[in-house]
Amino acid sequence: MVENIALIIQVHERLSRKKAQKFAYDALKTLGLDHLASLRYDACTAEEIFYAQLIRAFVKKGARIVIDQPFVFLTEQNSINFILNALDALLIPYQRVLIVDLKHQQSHYKEVSCHIEE
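Heads up: the sequence shown begins at 1164 in my numbering, then just goes up one per residue.
These are calculated hints, taken from the structure and not from any lab test.
Predicted, not measured: the structure shown is a model, and the values here were computed from it.
All residues carry an ideal CB built from backbone N, CA and C; glycine is no exception.
You may find that some hints are simply not true.
[Claimed, not checked] Ranges of calculated distance between the beta carbons of each label pair, as one might list FRET restraints:
1) Ser1242 to Val1174: 32 to 38 Å
2) Lys1185 to Tyr1257: 25 to 31 Å
3) Ser1270 to Arg1177: 41 to 47 Å
4) Leu1247 to Asp1205: 25 to 31 Å
5) Glu1176 to Ser1242: 28 to 34 Å
Work the whole structure out from these sequences, hints included.
Put into structure tokens, the structure is as follows:
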């Protein structure tokens, strides 16, 4: 996981491998996922993969983060809080994130910070 995330940092931020891996490890640690550092995607749960992908998107400076139908991918989640908590922990502004979902999933988005457009 660290190498997967670090590769994005190395390419886009032109950091050394060592610095990129430290940044990736620190991001995983921020989410309490440092135990995933040496694992491959196939050894991780869907939720762990989601967080790794969020970190990968986060490290692309200035890029908009689009999350497509998170409750299809993470069926065990019943609230948007798992995303909001990760965004807060990684210091990702909500304005940088767009969540696209189907109308029948609207009940998952009851939090005050959710701005829903149809």
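Compare the structure with the hints numbered earlier in the document and write down the numbers of the violated ones, lowest to highest. none
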